[in-house]
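> Make a model of the complete structure from these sequences and hints.
2 protein chains.
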Amino acid sequence: MRIVVDAMGSDNYPIPDVAGGVLAAREFGDQIILVGQQDMLERELAKHDIKGLSVDIVHAPEAISMQDKPSAVLNSKLQSSIHIGLDLVKTKQADAFVSMGNTGAIHAIATLKTLRRIPGVKRPVLTAIYAITGHNMIFLDIGANADAKAEWLEQFALMGHLYALTALGIHSPRIATLSNGEEEGKGNQLTKEAQERLRENTYGLRYVGHIEPKEILLDKCDVVVMDGFVGNIFLKTFEGSVTYITDFLRAEINQSLTYKLGALLLRGAFRKLRTRLDTREVGGAPLLGVNGVVIIGHGSADSYSVRSAIRLARQAVIGNTIETMTAKFAASRLVADTTS
Amino acid sequence: MRIVVDAMGSDNYPIPDVAGGVLAAREFGDQIILVGQQDMLERELAKHDIKGLSVDIVHAPEAISMQDKPSAVLNSKLQSSIHIGLDLVKTKQADAFVSMGNTGAIHAIATLKTLRRIPGVKRPVLTAIYAITGHNMIFLDIGANADAKAEWLEQFALMGHLYALTALGIHSPRIATLSNGEEEGKGNQLTKEAQERLRENTYGLRYVGHIEPKEILLDKCDVVVMDGFVGNIFLKTFEGSVTYITDFLRAEINQSLTYKLGALLLRGAFRKLRTRLDTREVGGAPLLGVNGVVIIGHGSADSYSVRSAIRLARQAVIGNTIETMTAKFAASRLVADTTS
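Protein sequences, first through last, are from chains P and A. Take 14 as the starting number for the first sequence in our numbering and just add one per residue. Take 14 as the starting number for the second sequence in our numbering and just add one per residue.
Everything labelled a hint here was simulated from the structure, so no lab data went into it. Hints are supplied without guarantee of correctness; some may be wrong.
Note: identical chains are not told apart, hence a pair may lie in one copy or across any two.
Claimed, not checked - Keeping only pairs whose Cα atoms sit at most 35 Å apart, straight-line, the calculated DSBU-like set for lysine-lysine is:
| hint | residue 1 | residue 2 |
| --- | --- | --- |
| 1 | LYS90 | LYS205 |
| 2 | LYS341 | LYS103 |
| 3 | LYS105 | LYS60 |
| 4 | LYS227 | LYS162 |
| 5 | LYS227 | LYS90 |
| 6 | LYS199 | LYS126 |
Below you can see the structure in the form of structure tokens.
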């Protein structure tokens, strides 16, 4: 298996990107193709012992920063690590693309310039994977489509289902729509329409209905579907709340010796909570709906996160996620009206 | 001042409702009018020493439960404590209405049956008040309007502004729109349109732009505006995250004596966090846009919460919130097209 790693992606590039690639090459035995400025990557790679590992460098003279606007880099910086890396997947020179870089740019370049959509897919979708309840849950859309149609949400459900099934190994994924209540009549116009569609779905989706935020944390579903605006608010509120509470406690603890002793005694419990909420073990999440495996992680990733994101990529390759999605969308009635 | 307390509102009615009314009568010296089943309230009130306090009972033979659908009780149970209590405010026999009861029913009965809207207000709005950052912040809409128009959001901003100013004593309230990012171009269609309107507002609103969830927790605004669907998801995610973390730590702590000792040493810090996140001190939040002061609290309220909700009500009465809102809406161009 050949996995492209965007070595210019993370906030501290190329250090964690290269180190994560080396970790993955050693742990999984895959061929890792680091894409980025050759000199820089050679210097960085020289710090690692890669004897017996398959780690290559492909030169990309340009880099897309976190500040670059997706629309601006779609047709410029064509020699960036994102353009070149995605092109390697498009031309079948590699099986998957992994990046800790600019999510919007990757979404735009993959969708409109390189891989393009799987036939029948209306809108590719950004996802997040959390193991908050002890096992993986996938959330989509978390930001690609701030305004969505019910038909798109239905497709997000299908994509989430197929990804959970083929790449995450969830046998019969439970699909839910995020809403402001679970009772009949709850929801806004969009989620009500999506609910109707999903109840009548003919793809064998295991739709469990509307779900409220607090119910999600109680492990009642595996795939949570929503529009990109709501998904983004949901995730950022969750992450913000966690940060708020941990920062508050940390500040308190630092003010007193008694508290410090208490925290010391409790450190095992705090560590377990941190692990549960940590995203390093998952590493990233797929951009679904484009014609190739694309995994995007946080800019703040360390080498272990990069290694975990590569693991996600290889699981999707092994699971034939793209082939399954292509076949399913070709067979589904959703393809009939691929006009937009 | 005469404040109506729906004594059939809370989950444990009439116990906390009556006790909270007595607390408020003693602390604030107001006349408290308990509305509910006379026998039941007389028995409950007899448990309290109300010598020198002004606490009256108004009989309401019916009660609306949390399970009652708003549409079902709008024109039935007309002798409920909610119908009768709101009518006392409408007919100027009381200055404000406080309830821990069925939010949807109160919203419907106040808007469509009794108080009705302040002229010019398109849609009354449910709010929440949190003191997470150490001072009061008001969130609206948190559930009344799952689908909203930009014009309504603009009105929510104005109502939030006037309430913060007159009742919460916030001198120059900072208004923000909840969004998926603060940069130019972020938002969905609704929030983008609302942003344009608010930037051009002529009511003297101090609009600070889009705000992300995590920024809210950093105290950058006083009034946060959003549609009722997103607002509900936001609040429930925040509350759910807090519950998740505290439940997780509690379960861990119970598993080990060392942890228990650590928690004992840290109890001051935990208590401070709980106080910060607690809603008891605030007690409730107003239903804004109807022609009278209405404060709604949680069903799980205890007597102290009820007392705090009554305090909110009296602050709005003292601040002339309704009169100010009526004058401002009458003067604003928003009244010109009150068609819906």
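> Hint by hint, say whether it matches the structure.
Here's how the hints hold up against the structure:
1. LYS90 <-> LYS205: The answer is between: 29 Å across copies meets 35 Å, while 42 Å in one copy does not.
2. LYS341 <-> LYS103: Intra 20 Å, inter 60 Å, cutoff 35 Å: intra-copy only.
3. LYS105 <-> LYS60: within (30 Å within a copy, 80 Å between copies)
4. LYS227 <-> LYS162: The answer is both: 25 Å in one copy and 27 Å across copies each meet 35 Å.
5. LYS227 <-> LYS90: between (43 Å within a copy, 32 Å between copies)
6. LYS199 <-> LYS126: between (39 Å within a copy, 22 Å between copies)
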